[in-house]
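Enquirer: Below, each chain spelled out in residue letters.
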Amino acid sequence: MDNAIATHPHTHETAVAAHHEHVALPQHRHHFETEEQQREAGSFGMWLFLLTEIMFFGGMFFAYLLYRNWYNPAFVAASNQLNVTEGAINTVVLITSGFFMALGVWAAEVQKKGLLVIFLILTTIFGFIFLGVKADEYHEKWEKHHIPGASFDVHEFINPPIDAKTGKPSQVPMAPDMAQKTQIFFFLYFAMTGMHALHMIIGLGILFWLTWRAHRGEFSAGYVAPIENFGLYWHFVDIVWLFLFPLLYLINRHPLK
Amino acid sequence: MSEHHDDANITNPEHAEHHVVQPITYAVVFVTLLIGTGLTVLAADFDMGVMNPVIALAIACTKAVVVILFFMHVKFQSRLIKMTVGAGFFTFLVLIIMTLSDYMSRAWGLW
Numbered sequence: 001m002d003n004a005i006a007t008h009p010h011t012h013e014t015a016v017a018a019h020h021e022h023v024a025l026p027q028h029r030h031h032f033e034t035e036e037q038q039r040e041a042g043s044f045g046m047w048l049f050l051l052t053e054i055m056f057f058g059g060m061f062f063a064y065l066l067y068r069n070w071y072n073p074a075f076v077a078a079s080n081q082l083n084v085t086e087g088a089i090n091t092v093v094l095i096t097s098g099f100f101m102a103l104g105v106w107a108a109e110v111q112k113k114g115l116l117v118i119f120l121i122l123t124t125i126f127g128f129i130f131l132g133v134k135a136d137e138y139h140e141k142w143e144k145h146h147i148p149g150a151s152f153d154v155h156e157f158i159n160p161p162i163d164a165k166t167g168k169p170s171q172v173p174m175a176p177d178m179a180q181k182t183q184i185f186f187f188l189y190f191a192m193t194g195m196h197a198l199h200m201i202i203g204l205g206i207l208f209w210l211t212w213r214a215h216r217g218e219f220s221a222g223y224v225a226p227i228e229n230f231g232l233y234w235h236f237v238d239i240v241w242l243f244l245f246p247l248l249y250l251i252n253r254h255p256l257k
Numbered sequence: 001m002s003e004h005h006d007d008a009n010i011t012n013p014e015h016a017e018h019h020v021v022q023p024i025t026y027a028v029v030f031v032t033l034l035i036g037t038g039l040t041v042l043a044a045d046f047d048m049g050v051m052n053p054v055i056a057l058a059i060a061c062t063k064a065v066v067v068i069l070f071f072m073h074v075k076f077q078s079r080l081i082k083m084t085v086g087a088g089f090f091t092f093l094v095l096i097i098m099t100l101s102d103y104m105s106r107a108w109g110l111w
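Protein chains in written order, with the numbering used here: chain H, 1 to 257; chain G, 1 to 111.
A few of these clues could be false.
[Stated by the list, open to error] Computed cross-link-like contacts, SDA-like style, restricted to lysine to any residue with a CA-CA straight-line distance of at most 25 Å:
hint, chain 1, residue 1, chain 2, residue 2
1, H, K112, G, I24
2, H, K134, G, L39
3, H, K134, G, T32
4, H, K113, G, H18
5, H, K165, G, F46
6, H, K113, G, Q22
7, H, K168, G, L39
8, H, K144, H, Y67
9, G, K82, G, Q22
10, G, K82, H, F243
11, H, K181, H, I147
12, H, K181, G, G49
13, H, K181, H, A221
14, G, K82, H, D163
15, H, K144, H, K181
16, G, K75, H, E40
17, H, K113, G, V21
18, G, K82, H, Q38
19, H, K113, G, V20
20, H, K134, G, L42
21, H, K144, H, M195
These aren't lab readings, by the way, just hints derived from the structure by calculation. Bear in mind that the values here come from a model prediction, so they are computed numbers and not experimental data.
This is chain H alone, in the form it adopts within the complex:
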């Protein structure tokens, strides 16, 4: 490659090249032919990342599937200890957060800056509500000694409390060795909901950054890729929870016979 600047004077050819210089729009970088191509390349890359996330969570879902089949009585009894009301509320909270995120993408597309900022803030608020409810549930597990490890208490799985009305045990008593397996359920519960919560914490951090940039008007002039791709991430985290809720909380909620 010759040194164009040092050896060649300003010619017509270089002048024409300068004339054809791209305007560096963030939604159309110079190495893409069209805006659509850049947008599609971005979505494609984001989806590849999400597929690795499916494999990541998939490993834990598979561990859950196996152990649930091996130690089904322990999983049934331990699942009944989870707080279904708070779990259901959290599902609604997360769906609402995802709804506002979707509206945020729309607001960016139609270039309504004020609405975009409002929707991003609402997404963030509902994200924090979810984590708050989650923290309350974790605290309940702490109080009941349902965190796997040295302080784990199998007592009420072996000798379930007597129901005052019926005079019978409130659930089926288990042999001590099976009762110990409830630890595996709670281990998976904390691993899966914990990983999910970590994804939400990371997402909330990104949301603060995006809200700040949206406030500066960066996404109100046709450049929506960061909002759109973050939306994909946030909805993916939603989907993980849509499976976690029935699999962890609702194994055996039907009234005892």
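Could you slot chain G onto chain H? The hints should help.
Expert: Leaving out everything else, chain G in the frame of chain H:
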């Protein structure tokens, strides 16, 4: 850089008009997801034996598909993206089925 410019890159039928999903669509999806959540909780209160987890997973899968198609815009994306998403879930299913069939067949006939 006009000498490297290839028109074939632009006249790609896949790069159709960009589709902006309207809020009314999102609202319908939102209500659908709420109904699905209610159904899941309701269904868990009935003893249907082996059908309980099947129904729970069926509702969860339906909700996930609705989220993927509309909240994540896959319905309006190019075939490349649709194939990518489909291939990812297909690969995940293959991994589950292959591993499970291994577990199930290890002690085949020994119980």
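Enquirer: If a hint holds in the structure, say so; if it doesn't, say that too.
Expert: Evaluated hints:
A hinted pair counts as satisfied when its Cα atoms are at most 25 Å apart, and H:K112 with G:I24 qualifies at roughly 17 Å. Only pairs whose Cα atoms come within 25 Å are accepted, and H:K134 paired with G:L39 is accepted, the gap being roughly 22 Å. Proposed proximity of H:K134 and G:T32 is supported: the alpha carbons are some 24 Å apart, at most 25 Å. In summary, the hint linking H:K113 to G:H18 is supported, as the alpha carbons are separated by about 20 Å, within the 25 Å threshold.
Note on H:K165 and G:F46: the hinted pairing holds, with a Cα-Cα distance of about 22 Å set against a maximum of 25 Å. For the proposed pair H:K113 and G:Q22, the alpha carbon gap of about 17 Å is at most 25 Å, so the pair holds. For the suggested pair H:K168 and G:L39, the alpha carbons sit about 30 Å apart, so the restraint of at most 25 Å is broken. A distance of roughly 23 Å separates the Cα atoms of H:K144 and H:Y67; the hinted pair therefore holds under the 25 Å criterion.
At most 25 Å may separate the alpha-carbon atoms for a hinted pair to count; G:K82 and G:Q22 meet this at roughly 20 Å. At most 25 Å may separate the alpha-carbon atoms for a hinted pair to count; G:K82 and H:F243 meet this at roughly 22 Å. Simply put, H:K181 and H:I147 have alpha-carbon atoms about 13 Å apart, close enough for the 25 Å limit, and the pair holds. The hinted pair formed by H:K181 and G:G49 meets the criterion: a straight-line CA distance of about 22 Å does not exceed 25 Å.
For the hint pairing H:K181 with H:A221, the CA-to-CA distance comes to about 56 Å; that exceeds 25 Å, so the pair is violated. A hinted pair counts as satisfied when its Cα atoms are at most 25 Å apart, and G:K82 with H:D163 does not qualify at roughly 53 Å. Annotation: proposed proximity of H:K144 to H:K181 holds, straight-line Cα distance about 16 Å (limit 25 Å). As the CA atoms of G:K75 and H:E40 are separated by approximately 14 Å, the hinted pair is consistent with the 25 Å bound.
With a C-alpha separation of about 17 Å, the suggested pairing of H:K113 with G:V21 holds against the 25 Å cut-off. Simply put, G:K82 and H:Q38 have alpha-carbon atoms about 17 Å apart, close enough for the 25 Å limit, and the pair holds. Straight-line distance between C-alpha atoms of H:K113 and G:V20 comes to about 16 Å, which keeps the hinted pair within the 25 Å bound. Of the supplied pair hints, the one linking H:K134 and G:L42 holds, its CA atoms being roughly 22 Å apart against a limit of 25 Å.
At roughly 22 Å between alpha-carbon atoms, H:K144 and H:M195 fall within 25 Å of each other, so this suggested pair holds.
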